[in-house]
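K.L.:
Below are the chains, spelled out letter by letter.
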Amino acid sequence: MKIMVCPLNGPRPVLEFAYGGEVRPSPDPDTCSDAEWSAYVWNRTGSAGLKYEWWYHIASGFWFVALRDTARDRVLRTYPAQSVRHGLPPAAEAP
Amino acid sequence: MFTRHDRLKPSYDVVIIGAGGHGLASAYYLARDHGIRDIAVLEKGYIGGGNTGRNTTIIRSNYLTPEGVKFYDESVRLWQDLGQDFDLNLFYSTRGHYTLAHTDAALRTMRWRAEVNKHFGVRSEAVDAAFVKRGIPSIDMTCGGHAPILGALFHEPGAIARHDAVAWGYGRGADRRGVEIHQQTEVTGIRLQGGRVVGVETTRGPIATPRVLCAVAGHTPRILDMVDLHTPIYIHPLQAMVSEPIKPWLDPIIVSGSLHVYVSQTARGELVMGASLDPYELHQSRSTLDFVEGLSSHMLDMFPFLSEVKVNRQWAGLADMTPDFAPIMGVTPVEGFFLDAGWGTWGFKATPVSGKTMSHTVATGRNHPLIDGFGLDRFAHYRLTGEKGAASVGH
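These protein sequence lines map, in sequence, to chains A and B.
When you line the first sequence up against the numbering used here, it's residues 1 to 95, in that order.
When you line the second sequence up against the numbering used here, it's residues 1 to 395, in that order.
Incorrect hints may appear among the rest.
[As the list claims (entries may be wrong)] No farther apart than 25 Å at their CA atoms in a straight line, the calculated lysine to aspartate or glutamate pairs in the DMTMM-like style are these:
hint: 1; chain 1: B; residue 1: Lys44; chain 2: A; residue 2: Asp73
hint: 2; chain 1: B; residue 1: Lys44; chain 2: B; residue 2: Asp13
hint: 3; chain 1: B; residue 1: Lys44; chain 2: A; residue 2: Asp69
[To be verified] Over 12 Å on every C-beta distance to chain A, these chain B residues come out as not near it, computed from the model:
hint: 4; residue: Asp85
hint: 5; residue: Phe120
hint: 6; residue: Ala380
Please keep in mind that the hints were generated in silico from the structure rather than gathered at the bench.
The beta-carbon is built from N, C-alpha and C at its ideal position, and this holds for glycine as well.
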């Protein structure tokens, strides 16, 4: 069983978590163009690599951010959701 | 069976990336129907070693949208005389295909799908529980007491075929017409000049070409990065497994969306089984115990007598998913770069018609009318195709 470290609950089996997709900063809807907005709505970083992702601990209802290597399925670090507001370091340079 | 070519030529009329079913079918129809034979098909592994050899071999056209039904129905028609075309036994076997409904909501969707299908001349019927029991006498109609079967969508032309043979048939047919298939040749870059394709870099040297067709399923995003194209495609693994061979008892193909199972029995007696997509993005074809446990328990809900049957093998493929469960096909904003992607969990059955329509598109530079609803530009215009009749997709 794969284990993921939840910032709130510590190490838990990965089955207890739900995946919420990549963390993607949204463009300002008041100033961006239609093309920028539809690119934000639909397009994804499809190729493998280090990505910040939303994850949810189902039992405790807790959202957080994980830095994961999507080529090897290794979770490098997890962060409480508040840290997103203060800006995350570029994935390649994260500690 | 295939000619070995010692080296790549300095240039080709068309380069196709990926020697799976779709890439080879496109090469075959380009050579046979469009007279374009100066083609290189580049494959980083071996022929049919990707999703062509990893799917559960089901062929059907009981989709939900008019675009989907017309497209897949043309594919089923092509499948039926492909063996003659190739002079190769594809073990194409028409079995009938049940999509079970365990809820009123599912039954309503089945009626909807049946009506759309019939409108386009596809043989599909919403049937009741008694019909299901007659067709599959060994099924537990209560599914362990917690998911009683209320009815089904019955699709008579549903079939299975030997998937490797499809790649070999198209590959051999293309090879005999002068197409070069280069295995163990990975594309490492695509050269552009003024927004159009001029060549391809490979692990065996550069090639000049004005046209590139990308048919690489789960590796699509990596190729798209080379031409700086952004798409909604995301990659999740799709797992499958096969049982030991047992005596023939299951003729039709059975699918249950609620139980996340699809199963058929091969000519050799093995049960080929699949479930739903893995729950998160991953670019790796590893297998998990969770998958076998979940799928086996749902199989036993329907067929409790299988409890002593062993699972022989499990494997995974990388599914290139799209938000509307329809493919992304045709011309792109990069001139000379053609895309046959977004095939997610529904690509095998579409192999012949994808080859037909993509070869037309590459030869003429304009999308074939059958793939009008599948263009990359549909997303920017919020005109999605909404194909929820795809495999491994809940309703």
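K.L.:
Look at each hint and say if it fits the structure.
P.N.:
Each hint tested on the structure:
A distance of roughly 23 Å separates the Cα atoms of Lys44 of chain B and Asp73 of chain A; the hinted pair therefore holds under the 25 Å criterion. Proposed proximity of Lys44 of chain B and Asp13 of chain B is supported: the alpha carbons are some 20 Å apart, at most 25 Å. A C-alpha spacing of about 23 Å is found between Lys44 of chain B and Asp69 of chain A, which places the hinted pair at or below 25 Å, so the restraint holds. Chain A leaves Asp85 of chain B outside its interface by the beta-carbon criterion, the shortest separation being 34 Å against a cut-off of 12 Å.
At roughly 28 Å, the least C-beta separation between Phe120 of chain B and chain A is larger than 12 Å, which holds for a residue marked as non-interface. A beta-carbon of chain A is positioned within 12 Å of the beta-carbon of Ala380 of chain B; the least distance is around 5 Å.
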